[in-house]
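Student: Here the protein sequences line up with chains A and B, keeping their order.
This note's numbering applies: residue 133 is where the first sequence begins, and numbers increase by one.
This note's numbering applies: residue 77 is where the second sequence begins, and numbers increase by one.
The set of hints was computed from the structure by calculation and includes no laboratory data.
One or more hints might be untrue.
Using C-beta positions, here's what the derived DEER-type ranges look like [what the hints assert, rightly or not]: (1) A:Glu206 x B:Phe219: 52 to 60 Å; (2) A:Gly199 x B:Ile198: 52 to 60 Å; (3) B:Val106 x A:Gln175: 18 to 26 Å; (4) B:Ile193 x A:Asp207: 58 to 66 Å; (5) B:Gly202 x A:Phe217: 56 to 64 Å; (6) A:Arg196 x B:Arg293: 53 to 61 Å.
Below 30 Å or equal to it, Euclidean Cα-Cα: the simulated DSBU-like pairs (lysine-lysine) are [unchecked claim]: (7) A:Lys152 x A:Lys250; (8) A:Lys272 x A:Lys212; (9) B:Lys185 x A:Lys152; (10) A:Lys376 x A:Lys163; (11) A:Lys376 x A:Lys366; (12) B:Lys96 x A:Lys212.
The C-beta atom is built at its ideal place from N, Cα and C for all residues, glycine as well.
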Amino acid sequence: MVAQPSKLNVDSLTVWYGDKQVLNGISFDIKPNEIFSVIGPAQSGKTTLLRVINRTIDFTPNARVRGLVEVDGEDVAHVKDIYGFRRRIGMVAPLPVGLPLSIYDNVAFAPRSFGLSKREELDELVERCLTQAALWDEVKDRLNTLGTKLSGGQQQRLTIARALSHQPEILCLDEFSIAIDPVTTMKIEDVLKELRQDMTIILVTNLIQQARRLADRTMFLLNGDLIEVDDTEKMFSGVARNPKTNAFVAGTFG
Amino acid sequence: MSAETVNAARFTETAFVRRKQRNEVVAKAVFLLMTLAMVLPLLLIVGFLVYKAWPALSVGFFLDLPRNGMREGGIWPAFLGTIYLVVISLVLAAPIGVMAAIYLNEYAKESWFTRIIHLAVINLAGVPSIVHALFGLGAFVLFAGLGRSVLAASLTLAVMTLPVIIASTKEALSAVPVSFREACWNMGVSRWQTIWRIVLPNSISGVLTGVILQVSRAAGETAPIMFTGVVFYRAVEKGDLFAYGLLDQCMALAMHLYTISTQVPGVPEAVPFATAVALLSVVLLLNAISIGMRIYLRTCKKW
Numbered sequence: 133m134v135a136q137p138s139k140l141n142v143d144s145l146t147v148w149y150g151d152k153q154v155l156n157g158i159s160f161d162i163k164p165n166e167i168f169s170v171i172g173p174a175q176s177g178k179t180t181l182l183r184v185i186n187r188t189i190d191f192t193p194n195a196r197v198r199g200l201v202e203v204d205g206e207d208v209a210h211v212k213d214i215y216g217f218r219r220r221i222g223m224v225a226p227l228p229v230g231l232p233l234s235i236y237d238n239v240a241f242a243p244r245s246f247g248l249s250k251r252e253e254l255d256e257l258v259e260r261c262l263t264q265a266a267l268w269d270e271v272k273d274r275l276n277t278l279g280t281k282l283s284g285g286q287q288q289r290l291t292i293a294r295a296l297s298h299q300p301e302i303l304c305l306d307e308f309s310i311a312i313d314p315v316t317t318m319k320i321e322d323v324l325k326e327l328r329q330d331m332t333i334i335l336v337t338n339l340i341q342q343a344r345r346l347a348d349r350t351m352f353l354l355n356g357d358l359i360e361v362d363d364t365e366k367m368f369s370g371v372a373r374n375p376k377t378n379a380f381v382a383g384t385f386g
Numbered sequence: 077m078s079a080e081t082v083n084a085a086r087f088t089e090t091a092f093v094r095r096k097q098r099n100e101v102v103a104k105a106v107f108l109l110m111t112l113a114m115v116l117p118l119l120l121i122v123g124f125l126v127y128k129a130w131p132a133l134s135v136g137f138f139l140d141l142p143r144n145g146m147r148e149g150g151i152w153p154a155f156l157g158t159i160y161l162v163v164i165s166l167v168l169a170a171p172i173g174v175m176a177a178i179y180l181n182e183y184a185k186e187s188w189f190t191r192i193i194h195l196a197v198i199n200l201a202g203v204p205s206i207v208h209a210l211f212g213l214g215a216f217v218l219f220a221g222l223g224r225s226v227l228a229a230s231l232t233l234a235v236m237t238l239p240v241i242i243a244s245t246k247e248a249l250s251a252v253p254v255s256f257r258e259a260c261w262n263m264g265v266s267r268w269q270t271i272w273r274i275v276l277p278n279s280i281s282g283v284l285t286g287v288i289l290q291v292s293r294a295a296g297e298t299a300p301i302m303f304t305g306v307v308f309y310r311a312v313e314k315g316d317l318f319a320y321g322l323l324d325q326c327m328a329l330a331m332h333l334y335t336i337s338t339q340v341p342g343v344p345e346a347v348p349f350a351t352a353v354a355l356l357s358v359v360l361l362l363n364a365i366s367i368g369m370r371i372y373l374r375t376c377k378k379w
């Protein structure tokens, strides 16, 4: 059997903020079209990991990164076209941020910034992204209202639509369901199951059940240490190798 | 105790509730009083000025030249000179200041170099205007060879207002939430596109406020301009809008006011007051333009 090449390969990744070490040499890899979930309590380095992957860690003044992160075998620390690279990674932050633009412009912003200007193409793209984010039906009659005027949950779905607007290969969702009601969450989860045909999904989540529903494999981080990474079923059925994982999943710790 | 008495007791006034309400009333009254205390002197000053100036005020007063050793006639050359100085100095200082602030706030990484620049900006903002005057005299009038001229005086005013414009613009830019920038960066949008499409449109009214405040300062200062280009008296055509060239000397209202109230004997009482009213109206005029711009831009503000 030929080993399948990994979409994302992380090798002994260590990150410091100043003197504080937030990731302690973690290594794992993610296969193409996999849904990979990352669980762990607060301060375990989950968000930092995503920021390293799309290189927005660059904007944190005193952050230092050591180790290797490869996307399709390309070292992300040395990509030449950083803006083009970031477009290959979709990022959804935990708190909804509607940009102070119209709903339409929110979604069309990134495509426009790399030169897409044909009205029909933009219209088509905006509709598709909003539909995928389960928001189209609610906003299709008022695409010109401000993104910031939407409710928190709608803004969060707008954020997802924006992340899809640059057609990423890897979609990172950082606790996306924090501000969304359960019904909408389920809708988006269905969307994610479809999206995996086209992209790899990294799902950082606090909801154990969500990880269990969606993920093929799950990684458990604790205080910057990689405790365990394995098939989701194994991780969550109480037969994980590390007792800490079983305790966290069972809710008795963490 | 029945349920009703418990609920009734919950809504009766206790001593604690009464004290809280009293404090509320007192606090509101005190703050209102302070607001009035701030507005009242302003109204009194403006009212007093206009009242005293009334006999001398007329359209002719603004458009006429000073005559008879500045005891009669109008203030046109000084009025025009002040507008020239303020407008030219702002045209020079505002773009430089705003662009420097954008660099410092959006691009510059925290380092000893930017810390020194920041420190310099803050300290320059606190330098007395007479020091700026001497700097202008040395740098622009003598070293650059501009002589005592409109340009040298405007440059001096520009140097004086620049640090404050940088500081206030930086403040306005940093008021735009970082989450907006992060959202843009996450989508692979470049820094400049983020600044142009998101940061600037949402901070422009704050940026303009900072610039507006410097209008009054540039118009009102006497020291920086009297060493660098403003003279006691200069004859120009009555009502001529283009009376001064960049390398000419000019008159200015602040200086003119100082001259006629302290240096020239026998000036009718109303004339200095009318000059003060003219100075105020220049400031208000220039402010009104920028405030109008700000209101227009604020209607475009998106969040």
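Student: Please go over all the hints and tell whether each is borne out by the structure.
Tutor: For each hint, the structure was consulted:
1. A:Glu206 x B:Phe219: 52 to 60 Å: At 55 Å between Cβs, range holds.
2. A:Gly199 x B:Ile198: 52 to 60 Å: violated (40 Å)
3. B:Val106 x A:Gln175: 18 to 26 Å: violated (44 Å)
4. B:Ile193 x A:Asp207: 58 to 66 Å: At 35 Å between Cβs, range violated.
5. B:Gly202 x A:Phe217: 56 to 64 Å: Violated, at about 45 Å.
6. A:Arg196 x B:Arg293: 53 to 61 Å: This hint is violated: roughly 45 Å between Cβ atoms.
7. A:Lys152 x A:Lys250: Status violated; Cα separation ~48 Å.
8. A:Lys272 x A:Lys212: This hinted pair is violated, its Cα atoms lying about 38 Å apart.
9. B:Lys185 x A:Lys152: holds (20 Å)
10. A:Lys376 x A:Lys163: Holds, at about 25 Å.
11. A:Lys376 x A:Lys366: With a Cα-Cα distance of about 14 Å, the restraint between Lys376 (chain A) and Lys366 (chain A) holds, given a limit of 30 Å.
12. B:Lys96 x A:Lys212: The hint is violated at about 63 Å.
When the structure is compared with the earlier hints, violations turn up for hints 2, 3, 4, 5, 6, 7, 8, 12 and for no others.
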